[in-house]
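Protein chains in written order, with this note's numbering: chain A, 1 to 230; chain B, 1 to 90.
Hints were generated in silico from the structure; no laboratory data involved. Keep in mind that this is a model prediction, so the values were computed, not measured. Note that beta-carbon positions come from the ideal geometry of N, C-alpha and C, so glycine has one too. Certain hints may be false.
[Stated by the list, open to error] Using 27 Å as the maximum straight-line C-alpha spacing, the simulated BS3-like pairs for lysine-lysine come out as follows: (1) A:K23 - B:K55; (2) B:K48 - A:K23; (3) A:K128 - A:K206; (4) B:K55 - B:K88; (5) A:K130 - A:K120; (6) A:K121 - A:K135; (7) A:K206 - B:K48; (8) A:K121 - A:K61; (9) A:K61 - A:K76; (10) A:K61 - B:K49; (11) A:K120 - A:K135; (12) A:K61 - A:K119; (13) B:K55 - A:K135; (14) A:K119 - A:K130; (15) A:K61 - A:K130; (16) A:K23 - A:K130; (17) A:K206 - B:K61; (18) A:K23 - B:K88; (19) A:K136 - A:K82; (20) A:K61 - A:K120; (21) B:K49 - B:K61.
[What the hints assert, rightly or not] Calculated Cβ distances over 12 Å to all of chain B for the following chain A residues: (22) G60; (23) Y110; (24) E124; (25) H133; (26) K135; (27) N137; (28) D205.
Here are the chains, one letter per residue:
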Amino acid sequence: MLRTEDLIKSFRTDEVETIALNKVNLAVESGEFVAIMGPSGCGKTTLLNILGLLDRPTTGKYWFDELEVSNLNELKRTRLRKGRIGFVFQSFNLIDELSVYQNIELPLLYMGASSAERKKKVYEVMEKVKITHRKKNLPLQLSGGQQQKVAIARAIITNPRLILADEPTGNLDSANGGEIMDLLTELNNDGTTVVMVTHSPADADKAHRTIQLFDGHIVTENLRKVVKIV
Amino acid sequence: MKDICLPYTGIAVKDTVEILMRNCGNEMEWHYRVEPVHIAEKDQNGNKKQTIINKLISYIKNYDSNWELLSICDSEPKEGFIHILYRKRH
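Next up, chain A with everything else stripped away, as it sits in the complex (with noise of 0.2 Å):
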């Protein structure tokens, strides 16, 4: 599902050349769950960006879907990621203007989905997250573990057979957490790819194969459980 090839990202200020991923090959099967490790300031984040169309690589080449994308432009990249990939953030991103209802149902208005498709989705991921009964409350009034839950909720909400989530559980105590991995391994059991971000060894358990990366170099990759193809 994903292939990089020679990835490098590098970063340039001035006189200095900061270079966050170096030569990064990598391969996701669909169906799989990969959690990248690795100290702070390894690229970890800087590697789930490119894989999710967010940013783009210095040099080097990226196949998402078959399709080679690490030189598309912005407005390519958009459409490419708009109901393919949901993002889960560490600080949720939630808009706090917006209930619980109107923050999961976003992304269906952005892809233009009518009135009663949208009420009927957003109810249906309400469910799965076990959030329905908070649907008109705002984030700021949800625990961290609720606010995650929604953010699973509109992450998912248009079917998206690849999930990013980067450091998911990372504001979270672990019953929060071990709730918000419940619901990634659900999804990843219904067929959803999910790669992760994590500091936490006990997340990466979850994973069928862990990724370590040092200074923007993958130096090991730990391969746990048979990934069931789909």
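Guided by the hints, dock chain B onto chain A, whose structure is given.
Chain B alone, transformed into the frame defined by chain A:
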């Protein structure tokens, strides 16, 4: 689920920290190790970064296969070590 935090400091180059956790007597056991990997300063070409990467890859590849790498810890390069957390495979 409860998080347990074990702070450790000052592991010397030849020291390994071994942690044994037991839950409900002997029913469940986990063995963890923190290994300090000494970082070479520079190779003959003065290429420090690539030397560290190569050393790390080689160290991980040749490590006892009964142990599973859990995480490469945040390390201060000035200390000259990279700490790696391992867990014994069941």
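Quick rundown of the hints versus the structure:
1. Proposed proximity of A:K23 and B:K55 is supported: the alpha carbons are some 17 Å apart, at most 27 Å.
2. About 17 Å separates the Cα atoms of B:K48 and A:K23, which keeps this hinted pair within 27 Å; it holds.
3. Of the pairs offered as hints, the one joining A:K128 and A:K206 holds, with about 19 Å between alpha carbons and a cut-off of 27 Å not exceeded.
4. Between the alpha carbons of B:K55 and B:K88 the distance comes to roughly 22 Å, so the proposed pair stays at or under 27 Å and holds.
5. Simply put, A:K130 and A:K120 have alpha-carbon atoms about 15 Å apart, close enough for the 27 Å limit, and the pair holds.
6. Distance check on the hinted pair: A:K121 and A:K135 sit about 13 Å apart at the alpha-carbon level, within 27 Å; holds.
7. Our distance criterion of 27 Å between C-alpha atoms is broken by A:K206 and B:K48, whose separation comes to about 35 Å.
8. Taken as a hint, the A:K121 and A:K61 pair is broken in the structure, with Cα atoms around 36 Å apart against an allowance of 27 Å.
9. Of the supplied pair hints, the one linking A:K61 and A:K76 holds, its CA atoms being roughly 16 Å apart against a limit of 27 Å.
10. This hinted pair checks out: A:K61 and B:K49 have alpha carbons roughly 24 Å apart, not beyond 27 Å.
11. The straight-line distance between the Cα atoms of A:K120 and A:K135 is roughly 14 Å, inside the 27 Å bound, and the hint therefore holds.
12. Pair hint A:K61 plus A:K119 does not hold up; C-alpha atoms about 39 Å apart against a cutoff of 27 Å.
13. Of the pairs offered as hints, the one joining B:K55 and A:K135 is violated, with about 52 Å between alpha carbons and a cut-off of 27 Å exceeded.
14. Simply put, A:K119 and A:K130 have alpha-carbon atoms about 16 Å apart, close enough for the 27 Å limit, and the pair holds.
15. Between the alpha carbons of A:K61 and A:K130 the distance comes to roughly 40 Å, so the proposed pair goes past 27 Å and is violated.
16. For a cut-off of 27 Å, the pair hint linking A:K23 to A:K130 is broken: about 41 Å separates their Cα positions.
17. Restraint check: the Cα-Cα separation between A:K206 and B:K61 comes to about 23 Å, which is no more than 27 Å; the hinted pair holds.
18. A threshold of 27 Å between alpha carbons decides the hint, and for A:K23 with B:K88 the separation of about 31 Å lies outside it, so the pair is violated.
19. A threshold of 27 Å between alpha carbons decides the hint, and for A:K136 with A:K82 the separation of about 26 Å falls inside it, so the pair holds.
20. About 39 Å separates the Cα atoms of A:K61 and A:K120, which puts this hinted pair outside 27 Å; it is violated.
21. The hinted pair formed by B:K49 and B:K61 meets the criterion: a straight-line CA distance of about 18 Å does not exceed 27 Å.
22. The Cβ of A:G60 sits about 17 Å from the closest Cβ of chain B, beyond the 12 Å cut-off, so the non-interface label holds.
23. The claim that A:Y110 is not at the interface with chain B holds, since no C-beta of that chain comes within 12 Å of its own (minimum 36 Å).
24. A:E124, annotated as away from the interface, keeps every beta carbon of chain B farther than 12 Å; the closest lies near 28 Å.
25. Residue-level check passed: A:H133 sits 24 Å from the nearest beta carbon of chain B, beyond 12 Å.
26. Every CB of chain B lies more than 12 Å from the CB of A:K135, the least distance being 28 Å, so the non-interface label holds.
27. Separation of A:N137 from chain B is adequate, the least Cβ-Cβ distance of about 26 Å exceeding the 12 Å criterion.
28. Not every C-beta of chain B lies more than 12 Å from that of A:D205, the closest at about 9 Å, which undercuts listing it as non-interface.
In this structure, the earlier hints numbered 7, 8, 12, 13, 15, 16, 18, 20, 28 are contradicted, and the remaining ones agree with it.
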